[in-house]
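So you can see what is in the structure, the chains are spelled out below.
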Amino acid sequence: GQSLEQPSEVTAVEGAIVQINCTYQTSGFYGLSWYQQHDGGAPTFLSYNALDGLEETGRFSSFLSRSDSYGYLLLQELQMKDSASYFCAALSGAGSYQLTFGKGTKLSVIP
Amino acid sequence: EADIYQTPRYLVIGTGKKITLECSQTMGHDKMYWYQQDPGMELHLIHYSYGVNSTEKGDLSSESTVSRIRTEHFPLTLESARPSHTSQYLCASSEHQGQGPYGYTFGSGTRLTVV
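Protein chains in written order, with my numbering: chain A, 241 to 351; chain B, 3 to 117.
Think of the hints as simulated: they come from the structure by calculation, not from any bench.
Do not take every clue at face value.
[Claimed, not checked] Distance windows between CB atoms, simulated:
1) A/Lys321 x B/Val117: 29 to 37 Å
2) A/Ser243 x B/Thr67: 25 to 33 Å
3) A/Gln316 x B/Glu81: 47 to 55 Å
4) B/Gly42 x A/Leu291: 44 to 52 Å
5) A/Gly281 x B/Val54: 48 to 56 Å
Ideal Cβ placement from N, Cα and C applies to all residues, glycine included.
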């Protein structure tokens with residue numbers, strides 16, 4: 241089956257940098273995505289890594305190592321509004337692509 | 003503005019009732035999905051569609067059914083609601099079958115409570 245592991249909670253200080261790790265076990269793996277979800281809100285797409293390496297989008301960066309089945313989301317210059325849950329999701333399948341989500345990491349940004 | 007809409011936002015119904023959760027998108031996406039999410043938990047895929055008249059069940063066993071008669075509309079129906087169906091239901095769409103660089107666009111969800 242498909243499974244993704246990520247820490248359940250992370251706390252960081254405003255202005256700091258935080259890294260949220262994700263390890264995955266999937267068959268037919270294509271790539272790793274990250275989504276942000278505020279309490280009571282809908283998940284919002286942040287990034288997608290199909291190839292090894294770092295993808296940067298503003299204050300957010302995402303990294304993938306296919307050989308290690310590992311990725312991370314890096315958030316820089318943390319702001320209070322970054323407090324949310326962050327989900328890694330693996331895209332996999334053979335002819336029928338599906339996105340499997342991790343359990344999510346609840347990030348709390350404190351002053 | 004292109005978006006994806008779900009109604010109702012909140013729903014409380016009695017056991018045994020039939021309900022339909024609505025989902026519509028204005029982006030012309032072929033791929034649409036229904037996920038179920040309990041509070042603080044991961045999203046589980048329950049149904050998906052790759053186009054009109056195409057529907058498939060996801061990984062999570064569900065007693066719901068879906069239909070895709072029009073590209074923009076992907077309703078989910080529970081024939082007989084039970085308390086175990088209490089959850090949040092999220093609809094999503096994507097342009098690419100492999101998700102591509104833009105990811106899934108999610109609706110705001112329907113929070114269903116069955117009493």
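Is 25 to 33 Å a correct range for the gap between the Cβ atoms of A/Ser243 and B/Thr67?
holds, 28 Å
Given a hint of 47 to 55 Å, does the C-beta separation of A/Gln316 and B/Glu81 actually sit inside it?
holds, 49 Å
Could you see if the CB distance from A/Gly281 to B/Val54 stays within 48 to 56 Å?
violated, 30 Å
Using the beta carbons of B/Gly42 and A/Leu291, state whether their distance is inside 44 to 52 Å or not.
violated, 32 Å
Could you tell me whether the CB distance from A/Lys321 to B/Val117 stays inside 29 to 37 Å?
holds, 35 Å
Hint compliance for this structure: hints 4 and 5 are not met, and every other hint is.
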